[in-house]
Amino acid sequence: MQLTAKHHEYWRKNLVVTAILFVVWFVFTFVEIWFARELNSSMTFLGFPLAFYFSAQGSLAIYVALIGIYALIMKKLDKEYGVDEGDIE
Amino acid sequence: MSSPAFSQSTFNRQLKKYYTFYTGGFIVFLLALAVAEQMGLSRAWIGYWFLFATIGLYAGIGWMTRTTDVAEYYVAGRRVPSFFNGMATGADWMSAASFVGMAGTLFLAGFDGLAWVMGWTGGFCLVALFLAPYLRKFGQFTIPDFLAERYGGGIVRFMGVICAITCSFVYVVAQIYGVGLIVSRMTGLEFGVGVFVGLAGILVCAMLGGMRAVTWTQVAQYIVLIIAYLTPVVWLGVRHTGIPVPQFAYGYTLQKLGDVEKKITADPREIEVRKIFADRAAAGKANLANPDKAYAEGKAKVEKDLADLKGANAPADKVAAAEKAVAAYPANVKAAEVQWKRETGLAARAAPPRPHAQAFPGKDEAAQNTARLNFIGIVFCMMFGTAALPHILMRYYTTPSVQEARTSVFWSLVCIFLLYFTAPCLAVLAKYDMYTNLVGSSFASLPAWASAWAKVDPSLLSIVDINGDGIVQLAEIVIGGDLIVLATPEIAGLPYVVSGLVAAGGLAAALSTADGLLLTIANALAHDFYYKLINPTATTGKRVFLSKFLLVCAAITAAYVTSLKPGDILFLVGAAFSLGASSFFPCLVMGIFWKRASKWGAIIGMGAGLGICVYYMVTRYPFFGINMPLWFGLSPVSAGMFGLPVSMITIYIVSLLTPAPDKEVQELVEHVRYPNLVGDTVVSEAR
Chain A
1 MQLTAKHHEY WRKNLVVTAI LFVVWFVFTF VEIWFARELN SSMTFLGFPL
51 AFYFSAQGSL AIYVALIGIY ALIMKKLDKE YGVDEGDIE
Chain B
1 MSSPAFSQST FNRQLKKYYT FYTGGFIVFL LALAVAEQMG LSRAWIGYWF
51 LFATIGLYAG IGWMTRTTDV AEYYVAGRRV PSFFNGMATG ADWMSAASFV
101 GMAGTLFLAG FDGLAWVMGW TGGFCLVALF LAPYLRKFGQ FTIPDFLAER
151 YGGGIVRFMG VICAITCSFV YVVAQIYGVG LIVSRMTGLE FGVGVFVGLA
201 GILVCAMLGG MRAVTWTQVA QYIVLIIAYL TPVVWLGVRH TGIPVPQFAY
251 GYTLQKLGDV EKKITADPRE IEVRKIFADR AAAGKANLAN PDKAYAEGKA
301 KVEKDLADLK GANAPADKVA AAEKAVAAYP ANVKAAEVQW KRETGLAARA
351 APPRPHAQAF PGKDEAAQNT ARLNFIGIVF CMMFGTAALP HILMRYYTTP
401 SVQEARTSVF WSLVCIFLLY FTAPCLAVLA KYDMYTNLVG SSFASLPAWA
451 SAWAKVDPSL LSIVDINGDG IVQLAEIVIG GDLIVLATPE IAGLPYVVSG
501 LVAAGGLAAA LSTADGLLLT IANALAHDFY YKLINPTATT GKRVFLSKFL
551 LVCAAITAAY VTSLKPGDIL FLVGAAFSLG ASSFFPCLVM GIFWKRASKW
601 GAIIGMGAGL GICVYYMVTR YPFFGINMPL WFGLSPVSAG MFGLPVSMIT
651 IYIVSLLTPA PDKEVQELVE HVRYPNLVGD TVVSEAR
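Protein sequence lines correspond, in order, to chains A and B.
Going by the numbering used here, the first residue of the first sequence is number 1, and it counts up by one from there.
Going by the numbering used here, the first residue of the second sequence is number 1, and it counts up by one from there.
Careful, some of the hints might be misleading.
Unchecked claim - Chain B residues, not near chain A, derived (Cβ > 10 Å throughout):
#1 Val117
#2 Pro268
#3 Arg269
#4 Ala348
#5 Arg354
#6 Pro424
#7 Gly611
To be verified - Below, computed lysine-lysine pairings styled on DSS-like, alpha-carbon distance capped at 30 Å:
#8 A:Lys76 with B:Lys595
#9 A:Lys79 with B:Lys663
#10 A:Lys76 with B:Lys262
#11 B:Lys275 with A:Lys75
#12 A:Lys13 with B:Lys599
#13 A:Lys79 with B:Lys595
#14 A:Lys6 with B:Lys595
#15 B:Lys262 with B:Lys275
#16 A:Lys76 with B:Lys16
#17 B:Lys595 with A:Lys75
#18 A:Lys13 with B:Lys663
#19 A:Lys13 with B:Lys595
#20 B:Lys262 with A:Lys75
#21 B:Lys262 with A:Lys6
#22 B:Lys275 with A:Lys79
Note that these hints are calculated values from the structure, not bench results.
The C-beta atom is built at its ideal place from N, Cα and C for all residues, glycine as well.
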């Protein structure tokens, strides 16, 4: 079948959302690890050295949030572009 | 099965009701056992109660959900609501290694252990963003199904089957090992018997009802394991931080731990013990340099000591000790060399404690950077491996819709997060408790839990008074990582029921993962290999029967391999992830996001990724005895860090060199990209 311009726009927006969330994921994973020594000596948060906090808790919470945000945005996007599945019965 | 009158929302309501009752029932069971313990129920019986009640329960759920329907058997009828699928994925995901081993690894390795915590959670972001919704829309039964449809042809499917079986089999051996270990510890049964009791539970469940039974059992297992993990931590947390959610307050305990570590590093008695180890290690090394001479001299010395004492009419106990030393002296040079090698290893115990929160310790800048690279390697391979392990990806075929698949990944990670953000907390609390209460206590009055565990299993805890001062020094304690979770209830001073609960939780973790893995192996063989490649005319009844039969075969083979006790389990688990990351992830994701990815790109790419990964492991891992120099100092567990990029680049180049996929494949890709496409002609969902 032939995809409409609207379909292409949906996919483009999906890619943008995916890319942004992926970059956030990358920063709180690999950039955080790369500078762990500096972060650890820079400051403490709730008593934790900063890098320890992120690796043990902060980044994990961000992962959960990223997936939640993705599900919400995509749900809205599906409806907006008429590609949602309707109510499941 | 799904009659029109039986709607999804009624089903959801009923599920909530059942599992609320179940959770309540489980708590009542715990309280009843606690009361029985106060009334004098013996420890062995508490162990038996936990073992048989929980395995009986899982088997009961398996029996109630038995099925021969194909869609029910392979994908639980595709009506598992996202939250329940999240719990099932959580149980599927968290293995014996996570439940029993994780906190111990963190205890021993400090900051560096956090690589596993990050790696085993962050991968779900990749699952959510790149795979779950698209695989759900595709809606077949297995992961090789997708590869075969997308890239066309038997070769891709066959390679997919090989990869799926390799990763899953390596992983399932580790799980069955865990089952045997926990059952034997819980009840005192032998390791082998333990393996088979646990295996019976797995089989009744997975064989009768396939994915359907496994899903509902895994939900039950998740509830058991999370209650079991959190209960003792809450208690220990109240003791050290004053609040029942120590996860948010243990930062201050971590600071206090840092002070204790400094004190221990500077303590003269600790230094004395460490020096004894350093001397022994140095002596062992010197002896090894010239073994024959050292052996003769050593032997002459112990004999002379004995003669001298006898000649001087020394007290009887001194003579007896000297006689013992002569008798214990190695019989020949070879035996002596083994002993000296062991003593050289004591050098590790001569080092002061490493600060728990310090990132990437190392003697110089270069060593620290290598430590960082290896941390990144583990995180990378575990994350991309998560997004490639078939038993996890398969779970997202079971939700009712694409949208539910997306929220289901969210709930999966929430369920996993609960345990993984508790593990580092448990490690710090247990360490602080041990450093302040056990270290510095006298050998005459060790804490009860310490003397009990040292007696049960010296490989988990051994304390020997090295310098003979009657006081426990940190350097005199040797801890096996698994001790931390298993002994926490006793460290926190809880009744034995909680110890039984923790063992039941560990068992649930191991059983649930083994269930999912065995099902993946059996389905890859029965569905992909037999039905799709060999006999496409097989009836559905025959396919399901064959799958059940193969499940039993796979389980018995795995149990046999386990009984051989193959070496390093953590390496096996890590290797499974690296292999998955190098083989599956690139061609799955590129198949969805790049229409141009072609059949030969996928075949050669998968082969190249897998090849480089296996090559690096075989030539670098000490077990194989080749030991070529490492690339950039990266440990062979993280071979996926080379495999994945190589695979991606190969797929890209070869795809551009070979003809583009035909129109049908292009339409399939469009089909999976939109949750609902009006006028779509592709019908992929298998019923």
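Results of checking the hints against the structure:
Residue placement check: Val117 of chain B does not keep its beta carbon more than 10 Å from all beta carbons of chain A (closest about 6 Å). With a closest Cβ-Cβ approach of about 29 Å to chain A, Pro268 of chain B is found to remain outside the 10 Å limit, as its non-interface label requires. The claim that Arg269 of chain B is not at the interface with chain A holds, since no C-beta of that chain comes within 10 Å of its own (minimum 29 Å). Once the 10 Å rule is applied to beta carbons, Ala348 of chain B is consistent with being away from chain A; the minimum gap is 23 Å.
Even its closest Cβ contact with chain A, about 13 Å, leaves Arg354 of chain B beyond 10 Å, as expected for a residue assigned away from the interface. Against chain A, the non-interface label of Pro424 of chain B is violated: not every CB pair exceeds 10 Å, the least being about 4 Å. Against chain A, the non-interface label of Gly611 of chain B holds: every CB pair exceeds 10 Å, the least being about 26 Å. Distance restraint check for Lys76 of chain A and Lys595 of chain B: the Cα-Cα separation of roughly 25 Å lies within the 30 Å cut-off, and the hinted pair is therefore satisfied.
Of the pairs offered as hints, the one joining Lys79 of chain A and Lys663 of chain B holds, with about 28 Å between alpha carbons and a cut-off of 30 Å not exceeded. A threshold of 30 Å between alpha carbons decides the hint, and for Lys76 of chain A with Lys262 of chain B the separation of about 54 Å lies outside it, so the pair is violated. Distance hint between Lys275 of chain B and Lys75 of chain A is unfulfilled; the C-alpha atoms sit about 64 Å from each other, more than 30 Å. Distance hint between Lys13 of chain A and Lys599 of chain B is fulfilled; the C-alpha atoms sit about 28 Å from each other, no more than 30 Å.
Annotation: proposed proximity of Lys79 of chain A to Lys595 of chain B holds, straight-line Cα distance about 25 Å (limit 30 Å). In summary, the hint linking Lys6 of chain A to Lys595 of chain B is supported, as the alpha carbons are separated by about 19 Å, within the 30 Å threshold. With a C-alpha separation of about 17 Å, the suggested pairing of Lys262 of chain B with Lys275 of chain B holds against the 30 Å cut-off. The hinted pair formed by Lys76 of chain A and Lys16 of chain B meets the criterion: a straight-line CA distance of about 27 Å does not exceed 30 Å.
For a cut-off of 30 Å, the pair hint linking Lys595 of chain B to Lys75 of chain A stands: about 24 Å separates their Cα positions. Between Lys13 of chain A and Lys663 of chain B, the direct Cα distance comes to roughly 24 Å. Compliance with the 30 Å bound is thereby established for this hinted pair. Note on Lys13 of chain A and Lys595 of chain B: the hinted pairing holds, with a Cα-Cα distance of about 17 Å set against a maximum of 30 Å. A threshold of 30 Å between alpha carbons decides the hint, and for Lys262 of chain B with Lys75 of chain A the separation of about 53 Å lies outside it, so the pair is violated.
Between the alpha carbons of Lys262 of chain B and Lys6 of chain A the distance comes to roughly 64 Å, so the proposed pair goes past 30 Å and is violated. Proximity of Lys275 of chain B to Lys79 of chain A is assessed by CA-CA distance (about 70 Å); at most 30 Å being required, the pair is judged violated.
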